[in-house]
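J.: Keeping their order, the protein sequence lines are chains E and P.
With the numbering used here applied, the first sequence covers 81 to 553.
With the numbering used here applied, the second sequence covers 81 to 553.
Worth flagging that the hints you see were computed from the coordinates, not collected in a lab.
For each residue, glycine too, the CB sits at the ideal point set by N, CA and C.
Careful: at least some of the hints might be erroneous.
As the list claims (entries may be wrong) - Each computed DSSO-like pair below joins lysine-lysine, with the alpha-carbon atoms no more than 30 angstroms apart:
no., chain 1, residue 1, chain 2, residue 2
1, E, K491, P, K421
2, P, K226, E, K138
3, P, K226, E, K466
4, P, K226, E, K226
5, P, K226, E, K227
6, E, K466, P, K351
7, E, K227, P, K466
8, E, K538, E, K525
9, P, K156, E, K485
10, E, K451, P, K495
11, P, K166, E, K156
12, P, K226, E, K485
Stated by the list, open to error - Far from chain P by the CB rule (all over 12 angstroms, computed), these chain E residues:
no., residue
13, P140
14, S147
15, Q284
16, Q443
17, M488
18, E516
19, A530
20, K538
21, E552
Given next are the chains, with one letter for each unit.
Protein chains: 2
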Amino acid sequence: MPQLGLLPKRAWAALFSQLLRPPPSACTQAVRGHSQVAESVLTSQLKPHQETPNFIIKTPKGTRDFSPQQMVVREKILDVVVSCFKRHGAQGLDTPAFELKEMLTENYGENSGLIYDLKDQGGELLSLRYDLTVPFARYLAMNKLKKMKRYHVGKVWRRESPAIVQGRYREFCQCDFDIAGQFDPMIPDAECLKIICEILSGLQLGNFLIKMPWTDVRHEMVTKKGLAPEVADRIGDYVQCHGGVSLVEQLFQDPRLSQNKQALEGLRDLKLLFEYLTLFGITDKISFDLSLARGLDYYTGVIYEAVLLQTPAQAEEEPLNVGSVAAGGRYDELVAMFDPKGHKVPCVGLSIGVERIFYIVEQRMKALGEKIRATETQVFVATPQKNFLQERLKLIAELWDAGIKAEMPYKNNPKLLSQLHYCENTGIPLVVIIGEQELKEGVVKIRSVASRGEVAVKREDLVTEIQKRLSES
Amino acid sequence: MPQLGLLPKRAWAALFSQLLRPPPSACTQAVRGHSQVAESVLTSQLKPHQETPNFIIKTPKGTRDFSPQQMVVREKILDVVVSCFKRHGAQGLDTPAFELKEMLTENYGENSGLIYDLKDQGGELLSLRYDLTVPFARYLAMNKLKKMKRYHVGKVWRRESPAIVQGRYREFCQCDFDIAGQFDPMIPDAECLKIICEILSGLQLGNFLIKMPWTDVRHEMVTKKGLAPEVADRIGDYVQCHGGVSLVEQLFQDPRLSQNKQALEGLRDLKLLFEYLTLFGITDKISFDLSLARGLDYYTGVIYEAVLLQTPAQAEEEPLNVGSVAAGGRYDELVAMFDPKGHKVPCVGLSIGVERIFYIVEQRMKALGEKIRATETQVFVATPQKNFLQERLKLIAELWDAGIKAEMPYKNNPKLLSQLHYCENTGIPLVVIIGEQELKEGVVKIRSVASRGEVAVKREDLVTEIQKRLSES
Numbered sequence: 081m082p083q084l085g086l087l088p089k090r091a092w093a094a095l096f097s098q099l100l101r102p103p104p105s106a107c108t109q110a111v112r113g114h115s116q117v118a119e120s121v122l123t124s125q126l127k128p129h130q131e132t133p134n135f136i137i138k139t140p141k142g143t144r145d146f147s148p149q150q151m152v153v154r155e156k157i158l159d160v161v162v163s164c165f166k167r168h169g170a171q172g173l174d175t176p177a178f179e180l181k182e183m184l185t186e187n188y189g190e191n192s193g194l195i196y197d198l199k200d201q202g203g204e205l206l207s208l209r210y211d212l213t214v215p216f217a218r219y220l221a222m223n224k225l226k227k228m229k230r231y232h233v234g235k236v237w238r239r240e241s242p243a244i245v246q247g248r249y250r251e252f253c254q255c256d257f258d259i260a261g262q263f264d265p266m267i268p269d270a271e272c273l274k275i276i277c278e279i280l281s282g283l284q285l286g287n288f289l290i291k292m293p294w295t296d297v298r299h300e301m302v303t304k305k306g307l308a309p310e311v312a313d314r315i316g317d318y319v320q321c322h323g324g325v326s327l328v329e330q331l332f333q334d335p336r337l338s339q340n341k342q343a344l345e346g347l348r349d350l351k352l353l354f355e356y357l358t359l360f361g362i363t364d365k366i367s368f369d370l371s372l373a374r375g376l377d378y379y380t381g382v383i384y385e386a387v388l389l390q391t392p393a394q395a396e397e398e399p400l401n402v403g404s405v406a407a408g409g410r411y412d413e414l415v416a417m418f419d420p421k422g423h424k425v426p427c428v429g430l431s432i433g434v435e436r437i438f439y440i441v442e443q444r445m446k447a448l449g450e451k452i453r454a455t456e457t458q459v460f461v462a463t464p465q466k467n468f469l470q471e472r473l474k475l476i477a478e479l480w481d482a483g484i485k486a487e488m489p490y491k492n493n494p495k496l497l498s499q500l501h502y503c504e505n506t507g508i509p510l511v512v513i514i515g516e517q518e519l520k521e522g523v524v525k526i527r528s529v530a531s532r533g534e535v536a537v538k539r540e541d542l543v544t545e546i547q548k549r550l551s552e553s
Numbered sequence: 081m082p083q084l085g086l087l088p089k090r091a092w093a094a095l096f097s098q099l100l101r102p103p104p105s106a107c108t109q110a111v112r113g114h115s116q117v118a119e120s121v122l123t124s125q126l127k128p129h130q131e132t133p134n135f136i137i138k139t140p141k142g143t144r145d146f147s148p149q150q151m152v153v154r155e156k157i158l159d160v161v162v163s164c165f166k167r168h169g170a171q172g173l174d175t176p177a178f179e180l181k182e183m184l185t186e187n188y189g190e191n192s193g194l195i196y197d198l199k200d201q202g203g204e205l206l207s208l209r210y211d212l213t214v215p216f217a218r219y220l221a222m223n224k225l226k227k228m229k230r231y232h233v234g235k236v237w238r239r240e241s242p243a244i245v246q247g248r249y250r251e252f253c254q255c256d257f258d259i260a261g262q263f264d265p266m267i268p269d270a271e272c273l274k275i276i277c278e279i280l281s282g283l284q285l286g287n288f289l290i291k292m293p294w295t296d297v298r299h300e301m302v303t304k305k306g307l308a309p310e311v312a313d314r315i316g317d318y319v320q321c322h323g324g325v326s327l328v329e330q331l332f333q334d335p336r337l338s339q340n341k342q343a344l345e346g347l348r349d350l351k352l353l354f355e356y357l358t359l360f361g362i363t364d365k366i367s368f369d370l371s372l373a374r375g376l377d378y379y380t381g382v383i384y385e386a387v388l389l390q391t392p393a394q395a396e397e398e399p400l401n402v403g404s405v406a407a408g409g410r411y412d413e414l415v416a417m418f419d420p421k422g423h424k425v426p427c428v429g430l431s432i433g434v435e436r437i438f439y440i441v442e443q444r445m446k447a448l449g450e451k452i453r454a455t456e457t458q459v460f461v462a463t464p465q466k467n468f469l470q471e472r473l474k475l476i477a478e479l480w481d482a483g484i485k486a487e488m489p490y491k492n493n494p495k496l497l498s499q500l501h502y503c504e505n506t507g508i509p510l511v512v513i514i515g516e517q518e519l520k521e522g523v524v525k526i527r528s529v530a531s532r533g534e535v536a537v538k539r540e541d542l543v544t545e546i547q548k549r550l551s552e553s
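With the sequences and hints as input, model every part of the structure.
T.: Dropping the structure here:
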């Protein structure tokens with residue numbers, strides 16, 4: 081019945097046009113969501129030449145849709161991340177997708193060119209947020225908050241030339257955790273590192289280390305910046321020796337540092353940090369790496385970056401350089417930029433690279449050929465005979481009302497085989513079958529899709545029997 | 081120590097400048113999130129005159145931040161909605177915040193003026209999505225999907241004159257459920273109505289009815305459109321009689337309908353729908369209302385809208401007209417607009433008005449003076465003496481590693497009283513206290529914040545003791 085979609089419309093129109101043609105203005109009352117869609121249908125009817133699109137159907141450059149299977153994986157990853165943030169007492173926060181343009185452009189220096197501006201359609205000049213940290217600082221200053229431990233999961237937008245293969249997009253999700261407030265040195269900083277360890281362990285991505293690979297930096301220093309190899313290597317001497325504390329001790333011995341009062345202060349903070357990390361039992365995961373000094377122009381204290389450690393075998397499977405999967409640091413001056421009186425609120429925080437993590441997990445599942453269920457449906461309500469729609473509707477409503485996740489075919493007379501195939505393809509574990517025989521005997525069949533075994537249970541016991549099986553599985 | 085925030089920076093800079101000043105390009109390696117923020121700090125330091133903002137700190141017109149307390153309420157509401165969608169076998173889907181401009185402008189008719197366009201910064205012309213339904217149709221056409229049951233929770237943007245007091249914003253969240261595919265008549269439509277009933281019941285918002293108030297329409301017809309009152313009232317005769325089926329019967333009697341073949345078809349569909357709703361046991365919640373014909377210019381089949389029923393008392397407390405809290409309908413032609421060959425994919429769906437629901441729930445909680453916990457913290461690690469930071473760090477790490485939600489003060493020597501006050505203010509149920517005495521005896525004190533009772537437990541039993549108490553409460 082190809083024109084099924086069309087017939088009802090004519091019929092309905094005919095039905096109602098006899099009775100009432102109300103003011104379009106009434107439409108503004110509707111919950112915003114479907115009336116506009118409907119409007120587009122009208123548009124398409126008024127302009128038949130537009131029935132087929134005169135443009136390419138695609139998502140904007142650097143963006144993508146997430147399929148149901150991808151959504152399942154993302155949900156699992158975000159659940160691990162957010163649970164950890166909550167475990168550490170963080171509060172949730174949400175801010176608008178766009179901010180006043182001037183607020184952003186003043187805050188990203190050379191990167192301002194990557195900001196998405198909104199078109200001037202009258203009113204304020206706006207830009208899409210570039211990260212979640214500037215909005216956080218704006219929120220603190222706007223509400224005159226002197227301390228806050230918050231997490232924020234949300235999309236941000238950057239007009240970069242997207243190298244999709246590297247898992248970089250113009251729209252991507254950020255998961256930030258930040259501690260704002262005036263506290264004793266290195267305590268919040270240490271917690272941030274603990275959180276990164278908990279999350280990366282919880283995601284079971286394999287071994288990781290919170291550092292930055294020296295080789296990259298040396299390469300750039302020597303080839304790109306023309307630094308003498310021997311100088312680079314002398315610096316390398318420090319960087320090569322992993323294990324934070326021992327390195328800190330070495331630094332204490334270096335006259336270039338020990339003779340500098342402020343350098344010594346920094347060194348003491350560093351020592352303090354590693355004491356705390358030892359108490360957290362994560363020093364084996366932290367490698368203090370002088371190449372991190374690269375960030376010092378920007379950060380106002382300790383910064384860190386977490387990378388996954390690949391076995392040669394893994395490197396074979398995942399040739400791409402996944403880069404760092406988490407990063408963060410201290411930024412004590414940012415909030416003051418938004419405060420009319422320039423009041424300072426010291427901040428330290430971290431950002432989990434969920435897009436890269438998502439990419440890695442997705443690649444591994446593909447490699448393992450793992451099948452992902454796109455739904456959580458527990459029971460499928462099927463029938464072997466024709467004209468059992470009414471029974472199925474009554475039955476499935478009982479399941480839904482009992483909180484059981486259930487589906488049924490939207491057909492009057494579906495084929496049993498195709499119904500069972502659907503369950504096997506989508507991973508639905510149980511099928512409830514109702515037909516003439518069952519109806520006569522006042523029972524229903526419960527079928528296990530895996531074992532294909534069937535049992536008849538009293539119609540009135542259905543819900544309890546289903547719940548029993550679901551709790552067992 | 082006001083300049084604590086500043087000192088470390090100098091110290092760190094001094095420490096590292098002695099050793100290494102690497103290429104800024106290395107920054108591109110960092111996980112995107114904090115390096116740019118840090119950059120802004122640099123900016124602020126290079127341009128001291130910018131240390132205080134030369135613009136007003138606010139969110140853009142028609143947008144807002146969500147505080148931690150608001151986030152908790154939203155999370156609870158969305159959880160009820162999404163659980164119901166999953167219970168009905170829906171798959172999750174996510175699409176980019178913006179789409180190709182031409183794709184949207186062709187699809188919203190007169191409402192196109194409300195679309196947020198992105199500034200032309202080179203490349204494609206883009207616009208922020210206006211709803212979640214057009215992206216859904218685009219997704220179906222793009223992936224040549226002939227059937228899909230999906231839900232989508234996400235923000236959409238509309239440049240409307242925001243009447244904030246009415247709970248309307250330019251950025252707001254939509255929760256959509258849609259069934260796409262060629263199915264037998266009225267079965268998916270009936271499930272959509274069932275879903276609305278389950279969600280509105282689950283949210284315990286009080287009585288609701290899926291209809292639209294006749295009085296509004298009559299008022300507009302008579303006063304605004306100059307329709308003769310007696311004509312309006314004759315139409316009203318139909319509308320006044322609630323209870324779907326009886327009305328359908330009346331309509332069958334009306335010669336203006338029974339003599340029209342297509343009107344009869346529509347009427348049969350209508351009868352079918354109410355048969356299914358009866359089997360779902362929700363007819364008492366559904367009132368077929370002819371005023372819904374107002375939507376017929378746009379929709380291609382049944383449409384519906386859910387409103388809360390207020391007692392006069394409630395109307396006192398909540399004077400605002402909350403309007404409808406859910407709406408939906410059938411739109412069978414939309415997908416064809418995106419399909420190069422114009423292939424049709426019939427669709428029916430619904431949209432939950434979560435922003436209005438959130439507003440209502442928030443108002444009620446305020447009226448009841450309910451206090452909302454912004455965190456889920458279960459245990460606070462406190463100390464009565466100085467210099468117990470190390471013990472606290474070791475202890476809290478054990479709790480975190482055991483999956484217990486725990487906080488501690490970021491101070492070397494916090495005051496016990498202020499620590500206990502913090503727990504009372506934030507609703508943390510348990511406090512673990514460790515001091516000299518406890519350390520000597522190899523125990524820790526567990527304090528119930530509510531009863532203020534304390535018990536000493538063996539240090540090594542701490543985690544199990546905490547878990548026991550948490551499972552009991």
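J.: Against the 30 angstroms threshold, does the CA-CA distance of K156 of chain P and K485 of chain E hold or violate the hint?
T.: Holds, at about 19 angstroms.
J.: Decide, holds or violated, for the assertion that all CB atoms of chain P are farther than 12 angstroms from the CB of A530 of chain E.
T.: holds (19 angstroms)
J.: Tell me if the straight-line CA distance from K538 of chain E to K525 of chain E falls inside 30 angstroms.
T.: holds (9 angstroms)
J.: With the threshold set at 30 angstroms, check whether the alpha-carbon distance from K226 of chain P to K226 of chain E stays at or below it.
T.: violated (54 angstroms)
J.: Decide if the proposed pair is consistent with the structure: K226 of chain P and K138 of chain E, CA atoms, cutoff 30 angstroms inclusive.
T.: Satisfied, since the Cα-Cα distance of roughly 18 angstroms is no more than 30 angstroms.
J.: Are the Cα atoms of K466 of chain E and K351 of chain P separated by 30 angstroms or less?
T.: holds (21 angstroms)
J.: For a C-alpha distance cap of 30 angstroms, please report whether K166 of chain P and K156 of chain E respect it.
T.: Between K166 of chain P and K156 of chain E the Cα gap is close to 15 angstroms, so the pair holds against 30 angstroms.
J.: Next pair to validate is K226 of chain P with K466 of chain E; report whether the Cα-Cα distance is within 30 angstroms.
T.: holds (24 angstroms)
J.: For K227 of chain E and K466 of chain P, compute the direct alpha-carbon distance and say whether it is at most 30 angstroms.
T.: holds (23 angstroms)
J.: Grab the minimum beta-carbon distance between E516 of chain E and chain P and tell me whether it stays above 12 angstroms.
T.: At roughly 18 angstroms from the nearest Cβ of chain P, E516 of chain E sits farther out than 12 angstroms, so the non-interface label holds.
J.: Against the 30 angstroms threshold, does the CA-CA distance of K491 of chain E and K421 of chain P hold or violate the hint?
T.: Within the cut-off at roughly 26 angstroms; holds.
J.: Just double-check M488 of chain E for me: nearest Cβ-Cβ distance to chain P has to come out over 12 angstroms.
T.: violated (9 angstroms)
Violated hints, listed in ascending order, are 4, 5, 10, 13, 14 and 17; each of the other numbered hints is respected by the structure.
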